[in-house]
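A.B. asks: Read off the chains here:
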Amino acid sequence: MLSKQAKLSSRIFEKDVEERPTRDGYGEGLILAGEADPNVVALSADLTESTRTEGFARKFPGRFIEVGVAEQNMAAIASGLGVCGKIPFISSYATFSPGRNWEQIRTTISYNDSNVKIAGHHAGISVGPDGATHQAVEDIATMRVMANMKVIVPCDAVEAKKATMAVAKVWGPVYLRFGREKSPICTTEETPFVPGKAEVFWHPRDNGKPSVVIVACGQLVYQALVAAQDLESEDIPVVVINSHTVKPLDEETIISWAKKAGAVVTVEEHQVLGGLGGAVAEALAKNYPVPMEFIGMQNVFGESGPASALLSLYCMDAKAIASAVKRVLRRKR
Amino acid sequence: MDALHDHKAQKLEEIANLIRQDVIRSLVAAGSGHSAGPLGMADVFTALYFHILRHNPDKPLWSERDRLILSNGHICPVLYATLARAGYFPVLELKTLRKLHSRLQGHPHRGSLPGIETTSGPLGSGLSQAIGFALAGRMDKKKYRTYCLMSDAEHQEGNVWEAAMFAGKERLSNLTAVIDRNNIQIDGFTENVMPLEPLRAKYESFNWHVIDANGHDFYSIISSIAEAETIYEKPTVVIMHTIPGKGVDYMEQDYRWHGTPPGVSNISGEPPKEEQARIALRELRTLNGKIHSEHQ
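Chains P and A supply the protein sequences, listed in that same order.
In this text, residue positions in the first sequence follow this note's numbering: the first is 988, and each later residue adds one.
In this text, residue positions in the second sequence follow this note's numbering: the first is 3, and each later residue adds one.
No lab work stands behind these hints, which were simulated from the structure alone.
Idealized CB from N, CA, C, for every residue including glycine.
Check before you lean on any hint, since a few could be wrong.
[As the list claims (entries may be wrong)] Only pairs whose alpha carbons sit at most 25 Å apart, straight line, appear in this in silico PhoX-like list of lysine-lysine:
1. P:1306 / P:1196
2. P:1046 / A:171
3. P:1156 / P:1247
4. P:1184 / P:1273
5. P:1234 / P:994
6. P:994 / P:1046
7. P:1046 / A:204
8. P:991 / P:1247
9. P:1046 / A:144
10. A:143 / A:171
11. P:1196 / P:1156
12. P:1156 / A:171
[As the list claims (entries may be wrong)] Not everything, but these chain A residues come out facing chain P in the computed CB check (under 10 Å):
13. 131
14. 133
15. 142
16. 191
17. 194
18. 284
Please build the complete structure, drawing on both the sequences and the hints.
C.D. replies: So this is what it looks like as structure tokens:
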């Protein structure tokens, strides 16, 4: 059942559940962060509207910097601004930033410890028709591997807004990941959001013992909740954890539930190598190894198509998650 | 900045000579690192830290200080030697270059040593970082100026031109780039490896003010930077013509010394490795025979 403490949307399982892209939440959060702190500045590489930086640019024209199609320049300029006391947010599609400018981010932002927030948009294959060139499915791994870097993947537009506001107050480099397409709103303004703190969104009825823990991030948290509801009707009790912060991972929460359940399924719109699944596997291997299944891109590139069809085709929808839960159950000793 | 006079120019020449010796000693102690670029830029660094920059070694984070961004981080031995001679940290510490637990990392790292404004080494992104400093200064209505020291060959990196385009667009007149035009890079002469000319015309077409200067003439170095301060409508780049390895006869103009310190390897036609450091220091102490006492 849905966790009461999480104060999730009451319409979550209804057909007319509200849907908005997580990038919308970024745009709203950026304006609020800008209002709260005059040092917040925003940079765009010719994608001001689609990265939802437009509202900030209109409201704070003196704090908006258009760099043109030049992601490497954008990252290193932001590095300089960050060192000088600004809180720069840089935006582009994740395949370009942090894709193309990875080294500038590594040297001038991460190692240099400059207070830059990197917003990677159009992440995951749900980008849809643009195809694999624009579907970032490696960005969590390439950002997570950097010392100094934090990684946050909001599950919906409401959480995206909170995350954007929150990271403006967190010192140091942070990578934020957003999707292009509309996705269901799971959370409410009252849902707790603390960077670095995973939240249980679903647990077995009557505080029963779970058979499997599903650890998810991004818009697939919704798919995991739908899967949990389906599994409940089949008497398979699970826990769904929204691990919005992939780094630093909330190991304590994840390990404690892994001990109770004895099996884990990770869910992310990303390669299964090096992302959330990798992070959870590393934590469990060190502390409490259990059988795991990994939902995500299985070492392949995506393709053009409607978002929902792609999620099904690449086995990342609720049905695929439920199947993975059953697979991992069979592997439990 | 103050006008230069002969007495000050002579003083600067002496400091630059000390800095060159520091560079050789620290490279020899490290057993690795770059020689040619640091020696070639010693006069420019001396002019900057001992005449041009507004800075305070006792307050490295003074908010009004001019910012110096070293884009080609591999010539950091000359930055370290200059900072030490300017009083940012003890000269003795130069011997720890590239060693375990040293504050003098193989390439500069912000936060590890006072006076280092940014982390650099991978080429081509320093100008962008300097733009960030200059933009922040403009937003905050600060009067500090930002200087970006770059190599010539790093202009083969695309990021440099993204930055040049941006600074031209934004008319960042509080930004001055200084290019070490020494014509060499690891694989040979720049015009053979990947031609950069016409460098002046390239920058002019990106809407920069361009000055050519002699990087071993303090009057030329200082007047070029002074001219940059008078240009209000665009950023300025000084193409600083230098001699790689300047001050050590066997290193001058020889690209093979780009990435090699004295005393590590035998190079054909050069002094044997056991002799390289001694000869270099002797030449520097005597200004290649011009003076006869190292205490002069």
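A.B. asks: Now tell me, hint by hint, if it's right for this structure.
C.D. replies: Status of the hints after comparison with the structure:
{"no.": "1", "hint": "P:1306 / P:1196", "result": "holds (22 Å)"}
{"no.": "2", "hint": "P:1046 / A:171", "result": "holds (22 Å)"}
{"no.": "3", "hint": "P:1156 / P:1247", "result": "violated (35 Å)"}
{"no.": "4", "hint": "P:1184 / P:1273", "result": "holds (20 Å)"}
{"no.": "5", "hint": "P:1234 / P:994", "result": "holds (24 Å)"}
{"no.": "6", "hint": "P:994 / P:1046", "result": "violated (32 Å)"}
{"no.": "7", "hint": "P:1046 / A:204", "result": "violated (36 Å)"}
{"no.": "8", "hint": "P:991 / P:1247", "result": "holds (20 Å)"}
{"no.": "9", "hint": "P:1046 / A:144", "result": "holds (23 Å)"}
{"no.": "10", "hint": "A:143 / A:171", "result": "holds (19 Å)"}
{"no.": "11", "hint": "P:1196 / P:1156", "result": "violated (37 Å)"}
{"no.": "12", "hint": "P:1156 / A:171", "result": "violated (31 Å)"}
{"no.": "13", "hint": "131", "result": "holds (4 Å)"}
{"no.": "14", "hint": "133", "result": "holds (5 Å)"}
{"no.": "15", "hint": "142", "result": "holds (8 Å)"}
{"no.": "16", "hint": "191", "result": "violated (26 Å)"}
{"no.": "17", "hint": "194", "result": "violated (26 Å)"}
{"no.": "18", "hint": "284", "result": "violated (38 Å)"}
The earlier numbered hints that this structure contradicts are 3, 6, 7, 11, 12, 16, 17 and 18.
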